[in-house]
Structure formats: C-alpha cells, structure tokens
Amino acid sequence: MKTSGLIAAATAAILSTSALADSLTFATTNPEMHPLNTGLMTTWAEEINQSGALDITLRHGPMIANHTNFYDRVIDGVVDGAWGMSVFNPGKFTNSLIMGIPFYVRSAEEGSVAACRLWEAGLFGDDYDDVHPLFFAQFPNASFHTVDTPIDGLRAMNSLSVIALSPSGAEIIKGNGGTPLSVNVTEIYETLERGMADALLSPFTVMPAFRTDEQLKHHYIAPLGGALGVAFISKDAYEGLSEEAKAVIAPVCEMSRKAGKFIDGWEASAIEMIGAKDGHTIATMSDEEVAGAISYVGGDILAGIAQSLPGGQPLVDGLLAALETAKTN
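Going left to right, the sequence shown walks through residues 2 to 330 as the working numbering numbers them.
No wet-lab data here; the hints were simulated from the structure. As the structure is a prediction and not an experimental result, all values here were calculated from the model. Treat the hints with care, as some may be off.
Straight-line Cα separation of at most 27 Å, DSSO-like style, residue types lysine-lysine; simulated pairs [said to hold, decoys possible]: (1) Lys259 - Lys247; (2) Lys247 - Lys236; (3) Lys278 - Lys218.
Given the sequences, and given the hints that come with them, work out the whole structure.
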C-alpha cells in the first residue's frame, strides 16, 4: 500500500512537471537526415527540452513547411516556428540580405554573431517585427568551382558562364569578365552536365547534396559572400510563453555562435572530402588578396549596400562594427 502511494506521488509529480512545460512545434524544412538536422537542430531541441520549462517538437521534411513558404507557415499558425534562409524571402528579410556581402565575413561563426548583434541593436529594421529569432546561422562563403578551367584567381572567371546563387555573386562574376547564370539549386547538376555552364559559385556544403562535385573539379576557396539562415517563432507564440520558457531561449547570440561553429565545421569537412577525390584541385585566396580586393572594390560594395537596403549607412556601419567585435581571434 505504501509502495503504491509512492508510485502515485511520483507519477503525479511527472505529470505536473509535464503540464507546466510550454510546448512549441518547429518545422526544420529539411529531411530528417539532413546534416543541419542531425548535427544542429536535434541537439539544440534536446538541450532546450531538458530544461523542463519548454518542449520543442521538430517537424522534419518539406510537407509542413519548405524553403519558400516557411515564413508564411509560421505567421499563419501552421507551426509555431521554422528554419529558413533570408535570401528565399527577400521581400520580408530585406535588411538581412547584407549578410551576403562578399570579402568582409571571415567565418560562419563571426557572421552568425554579427547578425545577432545587428538584430539586438534594431538595425535589421522591421525584418523580424512579426517573429522572435531563436538563433541566426550564417552560411559559408561561396567559393569558385570550375568544370575544366584550372583556377589561379578570380580572373579565371573571364569568358566563363558561371552559375550564381546570389546577386552579389552575379556582380563578382561580371566584374571578372564572366557571364552570370541564374539557376535553381536543384537544377545545377543538369545545367553543368549539359555543358550550359562552366562554373559555379557556392559553398562546399552545397556540393555533396546536389552531386555537383561530380562535375566540378577545380576549386578556389574565397570569401565570395554567404547567406543568413534564421530559426524563429511567431511573435504570438513567443508572447504566450512563460517567463521560464523565455529564459531558456534568451541566449540568442550564444546559440548563434554555436550554430556558426557547427556550420564552419560542416564546411571544413566538405572541403576535406572533396579535396581528397581524384582529379580535384583546391587553391585558396590569400589574406593579402582578400585585403587587396577590399581596397579595390570594398568602398563600392559598401556604398551599393547602403543605397539599396532600407537600413542604409547605419546598417553598413553596424555590420562592420559587429564583425570586428565578433572575431574569434
């Protein structure tokens, strides 16, 4: 009888704790076995769930939310939160496009922290008015990859047709005498296979997923601009959380640094894997060459951003300051 009473009390305590925990549904927008999920999202959710104040249920795959509708799915209440890339909704995350700047962002870690600090300072304007970020994750810089042409610098783009995944990438291609092509990421392999493109600007992490390393043999590691990803929940979902649950997700910049470190490691692994393949060559743009590019075109890049984004010059100045303080060494 005494034992039954203890079991009943323990069960009541567990149920009480469970009932007190707030809960959120979160769409990862990627298949369950995607590296972002296995290496980042699952661990992040598990750590939050261990707090006892908040329980996050991950919903994997593109059926509930995908890379084009992730924002609308959250705002419409289909899920409480989601992961997505700002470049896939530029009409909403307009000021966030500054994180695609070439040459200035050295690593995903620094870019992730810098983005968080821009948000904290209000310099992203109204990009996140309707949502509450959980963490930012800067994706790796695009590097330069060719099918046949050996690469000794960016001028190797001259006379090549190069696939660009961002507006800044297209400008770099034109500035070096190449012809930029706009191709959906899922169609890159076919475009290269048919000989309709000679090269690609993309992070190494993109290559295994879309098998482009089967076509592209020469690689030039260079800071040619990344893209900002963000995990967020709706403002309504955030405001409905208890103070204890809000405290669990409060270290946004700390989690952003963790996310950036993961992505840097993911990129390094992809570079190592591709570099070990037969017939592949890898070269790297030196620090001196990067500094030379900044001295030559940096002023024009910054002025163009200040003129084209609503945040203007304060956003540009804020980014440069945030990157300086976000440096890891």
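Evaluated hints:
| no. | hint | result |
| --- | --- | --- |
| 1 | Lys259 - Lys247 | holds, 19 Å |
| 2 | Lys247 - Lys236 | holds, 12 Å |
| 3 | Lys278 - Lys218 | holds, 9 Å |
Checked against the numbered hints given earlier, this structure breaks none of them.
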